[in-house]
Amino acid sequence: MSLGSPATTDLVTETTPVATSTSAGPELVQLLTPEGERVEHPDYPLSLSDDEYRAMYRDLVLVRRIDVEATALQRQGELGIWAALLGQEAAQVGSGRALRPQDFAFPTYREHGVAWCRGVDPLRLLGLFRGVSNGGWDPQEKRFNLYTIVIGSQTLHATGYAMGITMDGAVGDADTAEAAIAYFGDGASSQGDVNEAFVWASVYNAPIVFFCQNNQWGISTPTGHQTRIPLYQRARGFGFPGVRVDGNDVLASYAVTRKALDDARTGQGPTLVEAFTYRMGAHTTSDDPTRYRLASELEAWKLKDPLERMKAFLYKQQIVDGGFFEALDAESADLAARIRQGCLAMPDPDPLSLFDNVYAETTQVLRDEREEFAQYLAGFSGGQH
Amino acid sequence: MSLGSPATTDLVTETTPVATSTSAGPELVQLLTPEGERVEHPDYPLSLSDDEYRAMYRDLVLVRRIDVEATALQRQGELGIWAALLGQEAAQVGSGRALRPQDFAFPTYREHGVAWCRGVDPLRLLGLFRGVSNGGWDPQEKRFNLYTIVIGSQTLHATGYAMGITMDGAVGDADTAEAAIAYFGDGASSQGDVNEAFVWASVYNAPIVFFCQNNQWGISTPTGHQTRIPLYQRARGFGFPGVRVDGNDVLASYAVTRKALDDARTGQGPTLVEAFTYRMGAHTTSDDPTRYRLASELEAWKLKDPLERMKAFLYKQQIVDGGFFEALDAESADLAARIRQGCLAMPDPDPLSLFDNVYAETTQVLRDEREEFAQYLAGFSGGQH
Amino acid sequence: MAQLTMAKALNEGLRKSMEDDAKVVIMGEDVGKLGGVFRVSDGLQKDFGEHRVMDTPLAESGIIGTAIGLAIRGYRPVCEIQFDGFVYPAFDQIVSQLAKIHARSAGQVKMPITVRIPFGGGIGAVEHHSESPEAYFAHTAGLKVVACSNPLDAYFMIQQAIASDDPVVFFEAKRRYWEKAEVDTSAVPAPLWHARVVRPGTDVTLVAYGPMVKTCLDAATAAEEEGRSLEVVDLRSLSPLDFPTVFASVRRTGRLVVVHEAPKSIGLGAEIAARCSEELYYEMEAPVLRVTGFDTPYPPSRLEEEYLPDLDRVLHAVDRSLGY
Amino acid sequence: MAQLTMAKALNEGLRKSMEDDAKVVIMGEDVGKLGGVFRVSDGLQKDFGEHRVMDTPLAESGIIGTAIGLAIRGYRPVCEIQFDGFVYPAFDQIVSQLAKIHARSAGQVKMPITVRIPFGGGIGAVEHHSESPEAYFAHTAGLKVVACSNPLDAYFMIQQAIASDDPVVFFEAKRRYWEKAEVDTSAVPAPLWHARVVRPGTDVTLVAYGPMVKTCLDAATAAEEEGRSLEVVDLRSLSPLDFPTVFASVRRTGRLVVVHEAPKSIGLGAEIAARCSEELYYEMEAPVLRVTGFDTPYPPSRLEEEYLPDLDRVLHAVDRSLGY
Ligand SMILES: Cc1ncc(C[n+]2csc(CCOP(=O)(O)OP(=O)(O)O)c2C)c(N)n1
Ligand SMILES: Cc1ncc(C[n+]2csc(CCOP(=O)(O)OP(=O)(O)O)c2C)c(N)n1
Ligand SMILES: [Mg+2]
Ligand SMILES: [Mg+2]
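Residue numbers (this note's numbering), protein chains in the order written: chain A, 1 to 385; chain B, 1001 to 1385; chain C, 2001 to 2324; chain D, 3001 to 3324.
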């Protein structure tokens, strides 16, 4: 063991990330093997209609298409940066589809797939990465909070929101009661805020699901630098259940999240779901993962691709025919074109909007600054400089 | 369950504090019953000489005497405030005596008993509460850090220090290797910093013992508002062992801490020790616990008094005679007198010392401020005002 | 009309807000059964229940972070930070979230959260219990910051802060908690963002807030005996600063001394000096002087009388100002 | 002598410090294998090992808190905060511990910790990646705060900061990371706490630091064409501020414009304005003017060119100053 570096003891499961990060251990909940075989899990029965299976696959495909298009737009200078969800489609679509309309989701900056499930127009997401907005949609309307960039913060917001659900008496009924879900990453699990959220959620028995996408990396930092035991086990230190699900398995992600949400809404309190998955792309378009991880790791994970296995399942079950895929391709292409056009057409904000919405009730100091700046700008058009 | 208040589920062990706080559960490690009977625990064998037993009892008595004297001095206006350790003597003396000279302790503001074991003159502690200093001793000399008032901060300092032990190669040898110990309270367990310390200690396998005195209260807040499972179990969420010890049992506190320290120094990594004890006094001399807890709770805990049970043990084992107690009474009285005299004789700091030690290398800005203030003060003595 | 201490006036103000709006909830360490270490929320849990007055776990980031979530859900949380020196663990949630969510959401998400902080020294406390962190918050765009200095203001300002749809950091001059004054609860309060001339005068303006208002008033009384007429302005709002009121006063007197307990460098006094020096460049008869805490950590309590601006230091600065 | 970017100069400076003192360790998020998101620590983990360049868990309070423990153990940690907007979770450890431990211990415990923070805007980033939080730290007694603006300073200042027995918050102008200059590593560096006149002039003094130094130099070049001679002072040290150098310059020119990206209210500019207005009361020919970011959250990047002070805004202020 090298001094000062993370420990290698018998407790450590993920110290040398390359060697171990693709193996999730026997505790992993899986309903669909990488080969597309449907398997059963006693705690997570699931039966979906063919339409539902197809809809899930459609989500996976469209969400990936959005992501690919956004990455391309960034490369072409239309976005400042993009945080790709490549590889995490199943975790996001599975959990996103498990949400009921009345539930409220608190994302990080990477939950484009969940946004899709909540009905947020992808163009709204692009606005943030293009730099025309720091937000972009009405969180209340979509019951999908704004992206939160400061790691971990949103887990406390979600917990407070969930406390409010309890205070409003909106816990109990299996159909109408509400729940909150907080998304965060493996890296985020080290932040004080996330652990405080666990304290609060547990003490207040809040109707919340903590959904951790363990994509094995926090930028260049492997999960083994954040924890020496599987992350889902963190929950047991706080007195609520944790479960590790195959995050590349959209059916398992759906079933496990749905149960956790139902437990929450019926008053059983919080659950931590660790979706074991993989960030197949760079951290963001600014990142260069070849500096810190081996190509072989990516290759190993490609065999577990969330789209491929669902596709194989649909084929094997004969749920789809060639026409389905063709139609989906066309829909994808249309979506991508719409996104591209919309992105290029997005106007830059008005300079004076700098001063808008700093407060609900603005101040004299800001009014004066705005006025002074407006005059300054007017001076230019008047040719003063 | 009242909305918005801490949960009452089957997981909750400490919701209604008055009813449950005296019962620690079967997991409690005990070597001495409240009646002073010596019991054995397979994991914590302990055999001390008669001298050692007497020395421990002496510590308990003297530490309580210091505390009583300080409380009296506060009542008489000689101290601004005092945070009494009443009831926690065994947890502190047990853990403090378990430390080796080479170990380093990071206290809160209440570890007067540990300070005693580290050889810090009680008068130095009083200086802080009198308001003549924010520190008072050389932490390096005593290997006892300064009191830290911001809840939880010191757990990270201790963890960093322990990482340094590893980096220095001072881990391994059962006799000479070093360990750190971080003290904190049940309330502190909710702070982000404490949980981040758990993350770091676990990932770096740092040679550290987290010693949590669960005295059932954080000011007026019962432990059930901080956690719904026993606190020692927090450790399992981070992948290291936790143990609950009877904090009113000096022998068990000693044995459990000693083992945890030895594990740390020999490279087994961190342990969380929860010393289950009781704050028999007010939070500080500014506090009025009758506003929030029942007298009956205190009565129940009095039956578990850490001094009484050790005294009963010494008697039963015929380790002492009346002369021992007489001599100890006299020593106590002397100590108290010395503290009182020393406290009253403590000079106020020089006004210009305000500007001392803000930096290792002071600045021109501060030199100027100091000079200006010195002149201002001189103006008074010159009768300018 | 009743004689109330400032602590009691705050308590009554909180009670009024809770009666008026069922969405108002109080949260913090020891605010419930104990009523807060300064008893500002005394009796409120008993009367409004545990779901409206919550004794939270001990973690300030958690308090503010969950309050933000409650605000998203439509609540109007009033968070107590037990002492000034314990707000820093919540700094990220305050500065990066609370202050920015309204702008981030283009006004779609309101943050009607009040963060109450007893602040300042002079009570003989140990480290971290006597700080004046207001400059950190007043420098932060998106926050509003106020400080109350007396029972009447306390009663109304806390209600106005709670009613505000913006996040308000609400500083309470802790060593003035026990000072009493008449509180006419039927009075019509001044707008929350307005400073107030609390004593008119002609020779020099003293600008202060929180605990230093009384110090300045005492100085003005003492100065009167020497035939000097000092005007005292209580800023009340630290962000936004009410420059029109300050400028008007300084235009009258031509001279300004700013007084605060916080360290001098980059404190509120610096901003007021900078603005007045610019705006009243042709009108000032002396430079703006500052009487403040030193650029040192708050000292152990046996030195706090030296550290804290007092009547003598204020008058000394007045002398200097008049010497120009 | 070599042409180095500022990022590379910092990298070389770090390397030199690590070679000179085995107690120097680097810690932070992604500083090791990746070499930091700006590559400032590129190659150091490879050469000095994982125990001297640590990829820490993702938690800023943990980074500073454990660094404090390492310092108590005799180490000299250099902590990287990945971006300006992510320092706030560590605010408590910085303000309540790092800044105060030396005083608390009456000088017995040194805190030779350097906290590196890439800061400022202009790189087209998303929220929280373009902030200028220096005023928070410069207002905090017990901390020293510096900002480097060019490769030569970067190379020496980082070494001086690391060698300092006081905690130093070290701001790096992130949009200047890729600008190149000659770095003579054998030069004798100026003391870390000294400001520097980087361009002499006679008509107006521009005081700036970090990213705005280049903006001011560009403005001075442009002004020259109009026959105006601007003196540019690079503060370098933000706490302590080197007033003698600033005063001397303003005595020469009689006029002062302070420029920074951080919001105006209660920023560094306020302090410099307040001090100069007082100290040079009889010597100034115009009020101190400030060209700063607005009192708003940092905007989305498509607005940052409007938000950030630029050459035109600086020259506009120079015009105004000369108009008095
Ligand atoms: C408080 C804070 N510190 C640092 C960062 C910079 N940062 C952005 S993403 C990231 C890694 C996050 O890793 P993880 O939580 O695993 O999420 P992922 O990016 O893998 O989805 C870091 C360090 C940040 N955004 N916030
Ligand atoms: C960060 C912070 N918040 C609040 C306080 C005020 N405070 C002092 S002691 C205390 C309760 C601590 O409870 P616990 O950790 O159980 O320790 P105990 O006092 O019981 O020994 C509180 C809230 C503080 N010192 N620091
Ligand atoms: Mg990750
Ligand atoms: Mg306690």
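Calculated directly from the structure, the hints in this document are not laboratory data.
All C-beta atoms in this analysis are idealised placements derived from N, C-alpha and C, irrespective of residue type, glycine included.
Fair warning: there could be bad hints in the mix.
[Stated by the list, open to error] With a cut-off of at most 30 Å between alpha-carbon atoms, the simulated DSSO-like pairs for lysine-lysine come out as follows:
1. B:K1302 with C:K2033
2. A:K142 with C:K2023
3. C:K2023 with C:K2033
4. D:K3033 with A:K302
5. D:K3016 with D:K3110
6. D:K3214 with D:K3110
7. D:K3110 with B:K1142
8. B:K1142 with D:K3016
9. C:K2110 with A:K142
[Said to hold, decoys possible] Have a look at the derived ranges for each label pair, beta carbon to beta carbon:
10. A:F324 with C:A2022: 48 to 56 Å
11. D:A3187 with B:R1367: 48 to 56 Å
12. B:Y1376 with C:E2224: 17 to 25 Å
13. C:A2190 with D:T3221: 25 to 33 Å
14. D:D3165 with A:S381: 50 to 58 Å
[Unchecked claim] Sample of chain B residues lacking proximity to chain D, with all beta carbon distances greater than 12 Å (derived):
15. P1042
16. G1160
17. S1332
Hint check results:
| no. | hint | result |
| --- | --- | --- |
| 1 | B:K1302 with C:K2033 | holds (24 Å) |
| 2 | A:K142 with C:K2023 | holds (22 Å) |
| 3 | C:K2023 with C:K2033 | holds (20 Å) |
| 4 | D:K3033 with A:K302 | holds (24 Å) |
| 5 | D:K3016 with D:K3110 | holds (22 Å) |
| 6 | D:K3214 with D:K3110 | violated (35 Å) |
| 7 | D:K3110 with B:K1142 | holds (16 Å) |
| 8 | B:K1142 with D:K3016 | violated (34 Å) |
| 9 | C:K2110 with A:K142 | holds (16 Å) |
| 10 | A:F324 with C:A2022: 48 to 56 Å | holds (52 Å) |
| 11 | D:A3187 with B:R1367: 48 to 56 Å | violated (28 Å) |
| 12 | B:Y1376 with C:E2224: 17 to 25 Å | holds (23 Å) |
| 13 | C:A2190 with D:T3221: 25 to 33 Å | violated (51 Å) |
| 14 | D:D3165 with A:S381: 50 to 58 Å | holds (54 Å) |
| 15 | P1042 | holds (34 Å) |
| 16 | G1160 | violated (2 Å) |
| 17 | S1332 | holds (30 Å) |
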